[in-house]
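Visitor: Assemble chain B onto chain A, guided by the hints.
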Amino acid sequence: MNLRHRPLHPPHGILPPHILRRLAHQGDDEERTAAVDTLVATERFRGERHSISDALRDVPAGVKRRTLYDAEHKQRLPGKLVRGEKDPPTHDAAVNEAFDGLGATYDFYEEIMERSSIDDRGQRLDASVHYGRRYDNAFWNGRQMVFGDGDGKLFQGFTSCLEVIGHELSHGVIEAEAALVYSDQPGALNESFADVLGVLVKQWKMRQEAAEASWLIGEGLLAKGVKGVALRSMKAPGTAYDDPRLGKDPQPATMKDYVQTEEDNGGVHINSGIPNHAFYLAAMKLGGHAWEKAGRIWYHALCNTLARKSDFTGAAQATAMSARALFGAPVEVVVQAAWAEVGVS
Amino acid sequence: MRIVLERSGGLAGMRRAARLEGGALGPGDEERVREAAARAGFFGLPAELRAPEPEPDRFCYRLEIEDGGREMSVRFDECVASEALLELVELVRDLTGT
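In order, the protein sequence lines correspond to chains A and B. Numbering follows the working numbering, in which position 320 of the first sequence is assigned residue number 320; successive positions increment by one, without gaps. Numbering follows the working numbering, in which position 8 of the second sequence is assigned residue number 1008; successive positions increment by one, without gaps.
It should be emphasised that the hints constitute simulated quantities derived from the structure, not laboratory data. Here the structure is a predicted model, which means the values were calculated and not measured. Backbone N, C-alpha and C fix where the C-beta goes; we use that ideal spot for every residue, glycine too. Fair warning: there could be bad hints in the mix.
Derived list of chain B stretches under chain A, where covered just means 3 residues or more per stretch with a C-beta under 8 angstroms from a C-beta of chain A [unchecked claim]:
1) 1030-1041
2) 1051-1061
3) 1067-1073
4) 1078-1091
In isolation and in its complexed conformation, chain A is listed as follows:
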């Protein structure tokens, strides 16, 4: 786990642990969570994990702490505070969309994965909108989400896309769990887990079964006039767009088309098509809602059986192990078959 993901907000400066523990039990909501934050961060710094703070798990479950900022078209973060957790919607649609999307992602993790925010300790969710000029991107920087407005010609704003918000916040979850290295095959897995969890947030919010879902990432992000439906397709990698200005969707669906490149950290957004398709195949075979079995298996692997440098073969093994642990041999077989179908054994 990485200290930089934990914003420290000690209410009274640097306090000794026994006072922090008092506050964690007796302070008001804000003081308690800030005290626990500091204790946890201090433990991590000292190399202790899940010790004192586990006993003090007083951060109430289900408590969202969202803060929205306006970066006002600069590239400095976080920008001007525009909406806090208890504030009503503002006049700015981007702010409200981001607020709602952060909330939906939080709710998904809490209800389906029994996870309390990104770090599983009620981490606050901060986001800045209107970042940069014509900035056609969104990202999680380890501490907060950042949204650009798009350039209006090829991309629209990013806050309207729930699976994008889910994808970005899930990078925080991935970093807190398996921490897959962001290059080559581990990086493509990192990207794939973010896509998987992102679409699950959307499918869950819309109560869609696997067979009804679009399995698209970034649906509706491409501007009118662009020949494409989304940034990526898990159902049919390589078919999301084909436009003279954007080029053609380069994603492979199987290992035989794996792309060797120096760009994009070894093609992490390209080769993610292969594990994405494996998840799609497993979810479709298992049927029902994708988050119930396939989603839980993949999340279990992320938290328990994957390693930082796992490659695709390692992920196939990890998800098969998780499938067996959660649902038994018949489901393990389905997961293995899905990976085999994309050329990973």
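Guide: Chain B alone, transformed into the frame defined by chain A:
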């Protein structure tokens, strides 16, 4: 002056490339690029400016400028670029319509 800008990564993982050369820029625009490059210390940068651990969904750039015999190509991650280097990228984006 020759300018080449390549971008990869980002959430969309799309590749963008732009190239200007052979007098495509007027003297006024060339001077703006020269000044922005100077503010960014472009010709003194290392060939690779990478984050020790890449941040997910950030852009990866390669910028090449050739100007009056001086030539430099730098591969860099958006998350470790200076404000001045990002402004140089923005200027090149404006001039190349990317």
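Visitor: Take the hints in turn and mark each one as holding or not.
Guide: Each hint, compared with the structure:
1. 1030-1041: It is violated: at least three residues are needed, and the region 1030-1041 of chain B offers just 0 whose Cβ sits closer than 8 angstroms to chain A.
2. 1051-1061: holds (count 8)
3. 1067-1073: Coverage by chain A is violated here, the residue count being 0 at a Cβ distance below 8 angstroms.
4. 1078-1091: Our answer is that it holds, as 4 residues pass the Cβ test (under 8 angstroms) against chain A, meeting three.
Violated hints, in rising order: 1 and 3; the structure is consistent with all others.
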